[in-house]
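Starting from the known structure of chain B, fit chain H onto it as the hints suggest.
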Amino acid sequence: MRVYRDDQKFLQFRINAVLWGIVAAFVFLAGSFWFVQGVQAEKYRGLSEANALREIEMPAKRGLIMDRTGKILADNQPAYLLQIDRVVMKPLVKADKQRRQKLERFLSIVLGIPPQELTARWDKEAAKVNSSQPFPLAEDLTMAQVAKIQAQSIAFPEVNVVPVQRRNYPYGTMAAHVLGFIGEVGDKELAQNQALEQGDLIGKRGVELMYDQYLRGKDGAEFWEYDADGRRLSEYQPARQNPIPGDNIYLTLDFELQRRAEQYFVENEMVGAAVALDPRNGEVLAMVSSPAFNPNVYSKRFNPETWKTIVSNPFKIELNRAIQGLYSPGSVFKVVMSIAGLSEGVVDPHTDFGCGGSGVFFGRRFRCWRKEGHGSVDVERALKVSCDIYFYQTGARLGVDKIKEYANKLTFGEISHIDLDGERAGLVPSVEWARTKQNRKWYPSETISVAIGQGPLIVTPLQVANMTAAVANGGKVFQPHVVRYVDRVQRDGSYKRFRVPSKVIHEVELAPAALKAVRQGLWDVVNDQGGTGSNARVPGLDVAGKTGSVQVIAYSGWIKATSLPFKYRDHAWFASFAPANNPQMVVVVFVEHGGAGGADAAPLAKLMYESRFRDRVAGARLDLSNPQTLEQIKEGELPLPSTR
Amino acid sequence: MIFRDRTTPNVDLNFLGTAVVLAIIGCMLVYSATFFNEPGLGTFKRQMLWVAIGLILAMIILMVDYHVLFDIAPILYAIGIILLIYLLAFGKLTANVKSWIRIGGFQFQPSEFMKVFTALMLARYFDSNDRAYLDMRSFLTAMAIIGVPVGLIIVQPDFGTAASFFPLVAVAMFFGGIRPRVWAAMILVTVIAMPLAWGVFLKPYQKERVMIFLNPERDPLGSGYQVTQAKIAIGSGGIHGKGYLHGTQGKFGFVPEHHTDFIFAVLGEEWGFVGVTVVLALYLYLIFQAMTFAKHARDRGGTFLVICLISFFIFHIVINVSMQIGILPTTGIPLPLISYGGSSTMMFFIAIGLIANVDMRRFVNA
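First to last, the sequence lines map onto chains B and H.
The first sequence runs 1 to 644 under the working numbering.
The second sequence runs 645 to 1010 under the working numbering.
Here chain B stands alone, though its shape is the one from the complex:
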């Protein structure tokens, strides 16, 4: 036998042979993976979805909203939600093509929903969420419904009844415009905020919207293992993320004050708004817009009928008249005029103008509201009797642009950035405005109309309140706010309190003598013989204020359904503060078609002062327990204003 001596070539040949073998093996492996990942990918993707851990969302408890003392105005109530789980349902449908029809028939009977509506709702809701997640089909199940469904849980395992938290406003319409409401997240909000998911409930209006990031909290999740048939096996504990509850919010609103004011509007069947501010820091103590809506109806997912009634309500109940209603200020604006006149020096506290019932300005004759005239008037008396001639004179001397300057400083014509949505700026006219927006010349005679709060000038009740607060505190305009504290949840579960700071946004320089004269005039309005606001007089408390009545011309579009006399009534204003020497509260009341400010608006201011200063007001009658009215507020059934 010959022994071959190896040479390098022989070994190299073997190495090359092995290399080609390895290349072949790798190609085979890659091909096999191509078969699994390319050809069969869909099949395995389905299997992966079916047996992966499923994430079951645990919604966070939304934070509470309370009044300034901690009275709960918005909380969460346990409720039952019915969900359909398509992962569980899929194999069942495969076995029985009629399954969905059977299930719908069953649910239609239990829930009392017509089959067609149920089918439509199913299709709509199912399209909204990923097929691996259950979708909601009905909410607010009664215990009887829950029991009936649970009894069939073996026959219909794809039906889940899950306990959820439903947003609840225990006082119904109370402070509805401030609280706002919640609703299902929309596409726009989804695009803006990464943290949101389809189907989430988020704040849509008011504090619920503005403070949503605090109230919302952070949703948690449980991870559950499911077998191939979609049966839930066990929870995968390590992955569990507990929900973090939302932060609690304390409003600046005073519950009693708010209720008092709302009660007044309801009892008198009035449309309008009221704002109470603390002139020392800009806190909103009460904010009423009447009529109000009931935010509870928005918390429900499936409510087409209620929704329609809200949208079609002729009184625009969703409108927050306190910050969105635009009205001529009328005589209330005379306060702005006196401040502007005195600050600019065109008048001083002792300047007298003679009022003979009318006067000629820029070639036109303008009348005072009192035909007989007021004789000789200085600023104090002009405010007390609301003499038009005095303010025509002041306005003519100031010119419209100076008026605008002061009006702007007192937040007219601009938004004050209150922490509520949809605040409107209103309009303060100027020469510039006429040229750019109207394409016309400003006529000096128009300035005369503006001087008594008429003409193109429109304002919100909140702006009037800001202005009144500035008079009350000596010239500071605070940024108004409705939230006082936010109690933020900390990591360890405790709460840390954050105070919403008070911020001065404008300051008007007023000489002490001038301020004293204006305040005196406003005190006279309420307390002196012949003042227009005597209805706001509170024994034992110095209230100062200004009435206003605005002739209605353009603001009648929506009121056509009601009768003519009501339509032609004036809007009524009353802007006030108390105590006059140390102001602690500003109250502005506006009543649409309320007639005279002194007669219809001032009495509410009186009630509110009595409520706020009940400790010191002797003999203040506090009737806060009219059961019938309370019931109406709670139910959210506000009677429409009737013809009077």
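These are computed hints drawn from the structure, not numbers from a lab.
For each residue, glycine too, the CB sits at the ideal point set by N, CA and C.
Treat the hints with care, since some could be wrong.
[Claimed, not checked] Non-contacting residues of chain B with respect to chain H, defined by C-beta distances greater than 12 Å in every case (computed): (1) Arg14; (2) Pro59; (3) Glu184; (4) Asn281; (5) Ser358; (6) His417.
[What the hints assert, rightly or not] What follows is a set of in silico ranges between Cβ atoms, one per label pair, in the way DEER data are often shown: (7) H:Pro900 with B:Lys148: 37 to 45 Å; (8) H:Ala925 with B:Ser153: 51 to 59 Å; (9) B:Glu197 with H:Val665: 35 to 43 Å; (10) B:Gly31 with H:Leu685: 42 to 50 Å; (11) H:Leu685 with B:Asp123: 42 to 50 Å; (12) H:Ala925 with B:Gln490: 50 to 58 Å; (13) H:Pro900 with B:Gln490: 35 to 43 Å; (14) H:Ala837 with B:Glu42: 39 to 47 Å.
Then chain H, alone, in the frame of chain B:
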């Protein structure tokens, strides 16, 4: 001379670089497989440590001429055998197997290091034996070199590791060269030995694995479960994968051993067919380079050392990747440089160091 400065510039950085890239991919996959269940990231950090230690070991080995290692190979081999015997005598059972030695806080598997020692020993033997075909005596000698440690590991009993010595047998037979009638005899022995092994050596769970491999439907939720879940993971990854850290099968623990033996399933799920192809290509490149080193080696011993070591890689890669999608039955064979594991990571880095070592000293006059 142990340390030769002149050879250092000859280090093949492509080869070392490929190994490092694979190890980095491995660390990323270990992170992805464990971060969800293990907020402390202990496994990930340990793997980073192993890779670092492995790299240092590879560097140290590069410094030492492999001929010196050939000289001390019998000593290393003997130490390895003693450790294996020690294990049998005093080792503690872990999962019914005595394969771990604990030193302080660390524990390691001597069988992993024994692979390198055996390869060294075998290469040393072939260095002096340069016939085209092995005669019976040299063939039996080669088989004995491999057989002693394998026997000791089989009685541990750790069949997976014992089986991973098989590539050395193949190297000895194919590159050593045996005559056709010896091949025939070998095949005959195997055929006769198989039923014997089935009856005597194989544990019931191993029999079960083979049965399930032949018929996966046998137990979809038992031993077949692993492969089924791994296949779901890989298949659901599709072409582009679900994205790094976005897999559900591996992360949520549906695929068992997803950071060790089944880490390739995590790759398939998260990086898809693209990722699978890239990693396979990297491995192929690594093997290709090593084979080139084998051809250019300075002597027969160098050639055999490279072939023996790279054969471990080839064996581990092919077996591990094949079992991911059920081409081969499930065995505890890790993926080189990628799977989590201290002993195997270090062993493969030592092997990388040795292969580069042979290449570095390929020039006769260097």
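Tested hints:
1. Arg14: The claim is violated: Arg14 of chain B sits with its nearest Cβ about 6 Å from chain H, within 12 Å.
2. Pro59: For Pro59 of chain B, whose nearest Cβ neighbour in chain H is about 22 Å away, the distance exceeds 12 Å, so it holds.
3. Glu184: Correct as stated: the minimum Cβ-Cβ distance to chain H is 27 Å, above 12 Å.
4. Asn281: Non-interface label stands for Asn281 of chain B: nearest chain H Cβ at 46 Å, farther than 12 Å.
5. Ser358: 81 Å, holds
6. His417: 42 Å, holds
7. H:Pro900 with B:Lys148: 37 to 45 Å: 43 Å, holds
8. H:Ala925 with B:Ser153: 51 to 59 Å: Hint holds: Cβ distance 53 Å, inside 51 to 59 Å.
9. B:Glu197 with H:Val665: 35 to 43 Å: Between Glu197 of chain B and Val665 of chain H, where Cβ atoms are some 38 Å apart, the hint holds.
10. B:Gly31 with H:Leu685: 42 to 50 Å: 36 Å, violated
11. H:Leu685 with B:Asp123: 42 to 50 Å: 45 Å, holds
12. H:Ala925 with B:Gln490: 50 to 58 Å: At 52 Å between Cβs, range holds.
13. H:Pro900 with B:Gln490: 35 to 43 Å: Roughly 40 Å apart at Cβ, these two residues keep to the hinted range, so it holds.
14. H:Ala837 with B:Glu42: 39 to 47 Å: 44 Å, holds
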